[in-house]
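Residue 1 is where the sequence shown starts when you use the UniProt record's numbering, and the numbers rise one by one after that.
Misleading hints may appear alongside valid ones.
To be verified - Taking lysine-lysine pairs in the DSSO-like style, the calculated list, with each CA pair at most 30 Å apart, reads: (1) 199 with 179; (2) 185 with 204; (3) 235 with 185; (4) 134 with 235; (5) 242 with 169; (6) 116 with 82; (7) 116 with 199; (8) 242 with 199.
To be clear, the hints were calculated from the coordinates, so they are not data collected in a lab.
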Amino acid sequence: MNPSRPSFVCSSCARVLRTFTKPQATRQFSISASTRINDSVPEDPAQLPRWRQTPPRLQQPVRLRPRSEPSKLWRVNSDPEKLNAVYDSFLGPIAGNIRGRDLLDEQTKWLATTHKSHEHGHQGFNDRLAYLGKRILDLQCSLALLSAPIPLHTAELPSDEVFKHAALKGLENITPFNKTTVLRKDRLSALASRHGLDKVVRWKPRDPENLKLSGFDAVLAQTIFAIIGAVALQKGGEMAAKTARERVLAPLGLR
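Let the sequences and hints guide you as you build the complete structure.
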């Protein structure tokens, strides 16, 4: 027999109260059932981070160009473990006991290896990180050239016509030609490929059958700049300078 409701509770409120005061066994069963169902359901696109999908409002409702031939389709890396292995190889030695994958957060790691040609830039790209990283690498390159020995074949003016000072020693090495020679795109591209960056960088070549003509060297060089810029933002300028010196300039022969 149902207990009588107080006189001050109306019939509508009584129905609501009865709904919330039912035994919890049935409610618990329904919750656990929904949990089991959600385990087999793919992730909700609305909950995916920006670097994993193109926002729906940036997608074209109608495709304007015909689809590419199957031979020209280009697929990029989507395996986080493969990306982490590359960061371990490139950044690992500079952090001591910390693995390279742990220096940057998940979003930054993907952003630093994403070129603006990937998905038309809708998933973020590394231009700003590369701008900062290139400035840091240029500075460290100038400092390394400043302390490098002066080539013996350099022509010298008469000593009475040139002002010499210990602080100016090595200044002749800092020329646009020398810096461009050290940081050539093809040299940076070879360094990036040595660590496996060519397998994880996300970009869209103009011609998948000719990557070099599509600018692959420039894309890999920009990726190295972007990683240095990302380290500077998250771990500070000292760590970024160390990355530039030990992981880029030293392998290129400039110490």
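We went through each hint and held it up to the structure:
no.	hint	in the structure
1	199 with 179	28 Å, holds
2	185 with 204	18 Å, holds
3	235 with 185	26 Å, holds
4	134 with 235	17 Å, holds
5	242 with 169	24 Å, holds
6	116 with 82	21 Å, holds
7	116 with 199	17 Å, holds
8	242 with 199	25 Å, holds
The structure agrees with every numbered hint stated previously.
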